[in-house]
Amino acid sequence: MSKEQVIEKVIELEHLTKVYKNGRGIDDISLDIYRGDVFGFLGPNGAGKTTAMKVMTGLIRPDRGEVRILGHSVAEEYEKAMAKVGCMIETAESYPYLSAFENLRQFARYYPGVDEKRVDEVLELTGMLKYKREKPKRFSLGMKQRLGLAAAVLSRPEVVILDEPLNGLDVEGMIAMRNLIKGLAERETTFFISSHLIHDVELTCNRIGVIYNGRILDVDSTANILKNYASLENYFVSEVEQSGRI
Amino acid sequence: MAVFKTALINEVEKLSKKKKAWVAVILSLAVIVVGQLVILAVRSGFGLRGVGSGEFPLLVLSLVVNTILPLFAALVAIDSFSGESAQNTLRITLTRPVSRFKVFTAKIGAIALFLLGALVLLFVFSVLAGLLFNASSLTWSDFFRLVLSFLVSLLPLVVLALGIVLLTNVARSGITVFFLAILAFLLLKVLGLVFSGYADLLPTAQLDWYNLWLADVFPVAAVVRQFLLMLGYGVMFFVAGFYLFDQKEL
Amino acid sequence: MKFKKKTALLLSFTMGALLVATTALADMTHKSGYDQLKGALKGTAAQCNGKFDNFTMDISYVIKDNGKTVSSSDTVQKIDRKDNASLSQTELVTQDGGRQASEHYADPQTMIDHSSQVSAYFVTHFDPARKFDVFSDPFQAKGAGDVERIVDAVVGNLKDYVVVKENPDGSKEFSGSLNETQIPPLINALVSFQAKQGIVHSLPQLTQDIFVKEIKGNAQVNRDGVMQSLLGTLVLSGKDAQGQVHVISLEVLAKLSGINATQVVKPDLSGKKVQENTVASATYKQQTVDPKMFVGEFKNDIVVQKGGKFVKAGVRTLNITQADQQTVSGQYKEEYKPGFESYATHKLDFQFKAELSPQGGQGAFKFNAVGANGNQISGQLYFDPRLDKINLVFNGMGRMGQGYDSTFDPVFH
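Residue numbers (the working numbering), protein chains in the order written: chain A, 57 to 302; chain B, 761 to 1010; chain C, 85 to 497.
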């Protein structure tokens, strides 16, 4: 079998369930993300996007189900599963008492091929190079977001999981971010991006999954959706309405 | 192992970049300066020698081992666990290819190194102050005993830190943990006073076990017992702390 | 995998807990040398208070300065619990080699005191017999438990410095020593300070670099758990004003012997000079004072040294004009004879009204007055219930002047 014929599964979610005490959470989510996908995880606030992503990255244990990244179980082989993953979950955080450079160097140490040159590279890529020596406690939300993205792509990951990456970015920042994602996607990086910004997902992602009330409503390619609907927004509204009727 | 080493380097780097670490260094030096001043005052005021050069470091040790060193242990442990948890920065470490066990162990390793550093600092400066200001010469055997006293004091401090780490994984807020730790520390000390016959069994009783190491007839049985007791407490604190840390939802 | 991790955690935790539990058990069954010593002391005290009918305690001390004996004392106390009598004989040797012997006998009816400096035997009869315990267990005393806890806390991790040697016959030898580096510095400072204040007064005055050089001790306990001897040594070092180093040692030795073989013999007073005194009440119940009896004039002489002699320089007069259970009023004045005016630097002359002093007990009155020259004077008056004498004490030693005599005798006209 040649490589082109088999589409490699990069992220596998199997019957993932996690219910919080307040009744919210995710319910029986199964998803496969393939190599090269720029997967848009679309859903309103509180739909369970962040919960799903936290379970995917091992921050939360699922009540049931399993996540495998590049074939390794997150629950059991965490280090192997996360070796080629970069992520940014919920909010872009950094150590306020370390400079931008020191923050990134902390993470760089975990990856054999990532040196200080690469740190400068990602700082350049995210437009943060001029703040290299500054501490994030004086950074704006947008700058913190850029630093968080720099940290996510630092290790040249094969899989990037981003939770609301455009939060706090200005228009210029959004465009730069979109270009960055597209650029990396061309080099076979798989993305899993959550967002509540429909327009942005439409522009960035080639596959889309809609999550609502903790359940996956539908997964389809952007191209297919746009064939049947005037816009992604129309598709989303129709999906949610259908679910509401049921 | 390489991953653990990385985690440890990271934790040590973070610790060293914090203001708290430097406050601790200054506080340690202040203890030595104030201690030496008190000795000089006692000497000229009451005509007492106070201490010879060999005893000054032990005086410093006897003071700090029950006061500022446990305090440092608490501050650093709380910062490393409760603090990072509250700032959500624990998340950015834990989503790297490193297991929680290694992160947990590295954090404790960094705390232990910090306490070791504090002990070394206190040792060096108290020996220097002792030599400069206090009469009578310091023999090599005295020096060896001093090194031993400071070194063996690390173990009970680490056990104490493990206990505080357990607390940081039980209670959420750092301030709660801090007061709980102080309360527990004082409570254990009072219990040790009230039930003086069983005081040895409390996890705070070993803080000045360095005294055992200084005896002329080395009390092997007592040293072994206290060591096993600390080991037991340490294992319990570590395992319980790690279990909670591993279960933590971030 | 997951199962394995949980099992491993549970197993480690259990092992830790077991380690703590078994060590704790071992710790509780094992007694440190200090605990054994404490047990032996308590056991001995309890047996002395219960099991033994009579025994002899010998307590002696020697103080040496640079190896030369400065002072020593030996007290042999014979105690008979059955007959409730005790006899203690003390011999004290002072620095100049002088010896002082004293003797004290006590039973419920009698107390006999004698000292080598005074030829007479002082005998006190108690009628009816007083309540008298010839020996009481110090560990049963009030507050002994608290003292024990404090000592335990201070000793702390030094407990294992007491080494026990068990002999094949079941007897035990305890020994322990602490040198200057092993003594906790705070304790060293406290003991040094105390030593400087206390025992050192008959010794060269140490002024600097005082420290405890060594504390050591040993004890012998026989196979019945009776401590037969206990020796403690405290070695102190310091310099006197001339910079001379003194090593002062204090050795205290206590021995217990003659268990159930001690006889307490009342001193034979036949042919001896005896001063007898009878106390009516067993507990020295305070005799009532009737202040009215003290109305009148009381005097004593102002005596000064002049030309190598004591010379009467004048008279102090205390005139009580009114007295009842609550208040006393009167006048005090000092009069100097002609030619002694130069001694009258503290000459006092004032009227006073004194009130019963609640702290002073019966017969004690305190006053505030203004002297002839306008200065404030305060003090106390004490009426002695047994003797018709008044004690007048001023607050502030300076007021009294040198050679002030506080005892005033009545003037009978």
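Derived by calculation from the structure, the hints in this document are not laboratory data.
A hint or two may mislead.
To be verified - Mimicking EDC-like on lysine to aspartate or glutamate, the simulated pairs with C-alpha atoms at most 20 Å apart in a straight line are:
#1 C:K90 / A:E146
#2 C:K90 / A:E122
#3 B:K1008 / A:E146
#4 B:K765 / A:D171
#5 C:K339 / C:D197
Mind checking the alpha carbons of K339 (chain C) and D197 (chain C) for me, to see if they're no more than 20 Å apart?
This hinted pair is violated, its Cα atoms lying about 24 Å apart.
Straight-line alpha-carbon gap K1008 (chain B) to E146 (chain A), limit 20 Å
Holds. K1008 (chain B) to E146 (chain A) sits at ~16 Å (cutoff 20 Å).
Do the alpha carbons of K765 (chain B) and D171 (chain A) lie within 20 Å of each other, as the hint requires?
The given pair, whose Cα atoms are some 16 Å apart, holds under the 20 Å limit.
Hint consistency between K90 (chain C) and E122 (chain A) [alpha-carbon to alpha-carbon, up to 20 Å]
holds, 18 Å
Does E146 (chain A) sit within 20 Å of K90 (chain C), going by the straight-line distance between their CA atoms?
violated, 29 Å
In the structure shown, a violation is registered for the earlier hints numbered 1 and 5, in ascending order.
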